[in-house]
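Counting from 455, one number per residue, gives the positions in the sequence shown under the working numbering.
There could be a bad hint or two in this list.
Stated by the list, open to error - The list that follows gives simulated cross-link-like pairs (lysine-lysine, DSSO-like), each with its CA atoms no further than 30 angstroms apart: (1) K617 - K502; (2) K502 - K616; (3) K617 - K780; (4) K780 - K502; (5) K780 - K504; (6) K504 - K616; (7) K780 - K616; (8) K617 - K504.
Claimed, not checked - Have a look at the derived ranges for each label pair, beta carbon to beta carbon: (9) D457 - A700: 24 to 30 angstroms; (10) P599 - P739: 45 to 51 angstroms; (11) R850 - A479: 48 to 54 angstroms; (12) E486 - H646: 31 to 37 angstroms; (13) R576 - H766: 26 to 32 angstroms; (14) S649 - D670: 28 to 34 angstroms.
No wet-lab data here; the hints were simulated from the structure. Keep in mind that this is a model prediction, so the values were computed, not measured. Glycine is no exception: its CB is placed at the ideal position from the N, C-alpha and C atoms.
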Amino acid sequence: MSDAIRTSHAGSLPRTTELLTANAAGTAQGREEFDALLTRSVVDLLQKQKDLGITEPNDGEYGHAMASEFDYGAWWHYSFNRTNGLEISGEGLWNLPVQRSEPGNIRLTSFADRRDRNLFPRAYSDPDAGTDTGSQPGFPQAIGPISYAGHDAVARDITNLKKGLQRAGYEESRGFLNSLSPASAARVENLHYSSYEEFVWAWADVLREEYLAITDAGLIVQIDDPSLAENFDQINPEPTPAEYRAFTQLSIDALNYALRGIDPQQVRVHTCWGSWHGPHVTDLPFSVIVDQVLSINAAGITFEAANARHAHEWRIWEDVALPEDKYIIPGIVSHSTNVVEHPELVAERVERFARLVGPERIVASTDCGLGGRVHPEIALAKLEALVAGTELASARLARTVAA
455 MSDAIRTSHA
465 GSLPRTTELL
475 TANAAGTAQG
485 REEFDALLTR
495 SVVDLLQKQK
505 DLGITEPNDG
515 EYGHAMASEF
525 DYGAWWHYSF
535 NRTNGLEISG
545 EGLWNLPVQR
555 SEPGNIRLTS
565 FADRRDRNLF
575 PRAYSDPDAG
585 TDTGSQPGFP
595 QAIGPISYAG
605 HDAVARDITN
615 LKKGLQRAGY
625 EESRGFLNSL
635 SPASAARVEN
645 LHYSSYEEFV
655 WAWADVLREE
665 YLAITDAGLI
675 VQIDDPSLAE
685 NFDQINPEPT
695 PAEYRAFTQL
705 SIDALNYALR
715 GIDPQQVRVH
725 TCWGSWHGPH
735 VTDLPFSVIV
745 DQVLSINAAG
755 ITFEAANARH
765 AHEWRIWEDV
775 ALPEDKYIIP
785 GIVSHSTNVV
795 EHPELVAERV
805 ERFARLVGPE
815 RIVASTDCGL
825 GGRVHPEIAL
835 AKLEALVAGT
845 ELASARLART
855 VAA
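My request is simple: use the sequences and hints to build the entire structure.
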């Protein structure tokens, strides 16, 4: 068995200019032509990851940016294309009415009413401040019962990833595909279900079909669930830790329900505080929910650990016992800066975690997706630094054991 520490990333990787151009063309191009381009792009990306030294690869989420009614191409918007019962809203999440919470009645407010934005209103409204969250047109509303409609799309993603894994020489079981969590999906406006809770459970039934498709194909599913931590900033006024934990338990329960019967070793869950480049001073400390995250039926736990708001939280693992059947996938390089981490810093960060949980129970990764948040050249350099630094750490730890 190799002593080398494994490497991966959070999922989204920069798309090629050709793929972006084709997606922007939408229905003006032939579907077969686009599908062929998508397949070539995924296959090339798997080879690139192999050449870089990434051991746990994916398709870069290339299959999630598709020309359709809900064509946004962002990390969660793809699910709108794969769900019946939705229609476009002219308002979107930014202009929904402000919903203030009360004790015993925690509610998510509009995106524009986030507490971090309220603390830095001029910075967030300044296009030159670097806090841009991207263009956000109208979002869908649930106007009727929702159901899964993505069977052909996820089958295409599976086929493309498997083809890329095979041609690059990866073991099939190493590949993962990203999928949305029920609570993260439920942040679109609900005009049909009687409550937020009912809406979350409905999404659990919808998304379970995608989880099953991916894992039945022998691949790993990564559940992207920023709602676990990011929702904290979207509750006004700030809830107590106990109130937030109670609110978040619904997210955990619904996700575990959707994952029932699936081998946890085929599941990794990604939690983060949102990838936008804001101050993030209202971020929830990871320590508040780490035990809840560990209760998810997922063997792999991926979280931010490199950016300036969360790099110190590696110390959590001095006190939190990692269950024997789980491993961690900490962010070692960050999406939040254009500065490329030095391999020596990467090695230092990797060694910290490896000494706490064991080198065999860590996968060095990125804080969040690199697609769209840093320039493609910088994203490539960050992955190169990640691999180089992890190799340094592996060699040092191996020498320590030998001594």
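Outcome of the hint check:
Proximity of K617 to K502 is assessed by CA-CA distance (about 14 angstroms); at most 30 angstroms being required, the pair is judged to hold. At most 30 angstroms may separate the alpha-carbon atoms for a hinted pair to count; K502 and K616 meet this at roughly 15 angstroms. With a C-alpha separation of about 28 angstroms, the suggested pair K617 and K780 falls inside the 30 angstroms cut-off, and the hint holds. Annotation: proposed proximity of K780 to K502 holds, straight-line Cα distance about 28 angstroms (limit 30 angstroms).
Note on K780 and K504: the hinted pairing holds, with a Cα-Cα distance of about 25 angstroms set against a maximum of 30 angstroms. This hinted pair checks out: K504 and K616 have alpha carbons roughly 14 angstroms apart, not beyond 30 angstroms. The hinted pair formed by K780 and K616 meets the criterion: a straight-line CA distance of about 25 angstroms does not exceed 30 angstroms. Note on K617 and K504: the hinted pairing holds, with a Cα-Cα distance of about 14 angstroms set against a maximum of 30 angstroms.
In this structure, D457 and A700 break the distance hint of 24 to 30 angstroms, their C-beta atoms being roughly 43 angstroms apart. The given range of 45 to 51 angstroms is broken by P599 and P739, whose C-beta atoms sit roughly 38 angstroms from each other. Between R850 and A479 the CB atoms are about 49 angstroms apart, so this pair conforms to the stated range of 48 to 54 angstroms. Hint check: E486 to H646, Cβ distance near 35 angstroms, so the stated range 31 to 37 angstroms holds.
The given range of 26 to 32 angstroms is respected by R576 and H766, whose C-beta atoms sit roughly 28 angstroms from each other. With their beta carbons about 32 angstroms apart, S649 and D670 fall inside the hinted range of 28 to 34 angstroms.
Hint compliance for this structure: hints 9 and 10 are broken, all remaining hints hold.
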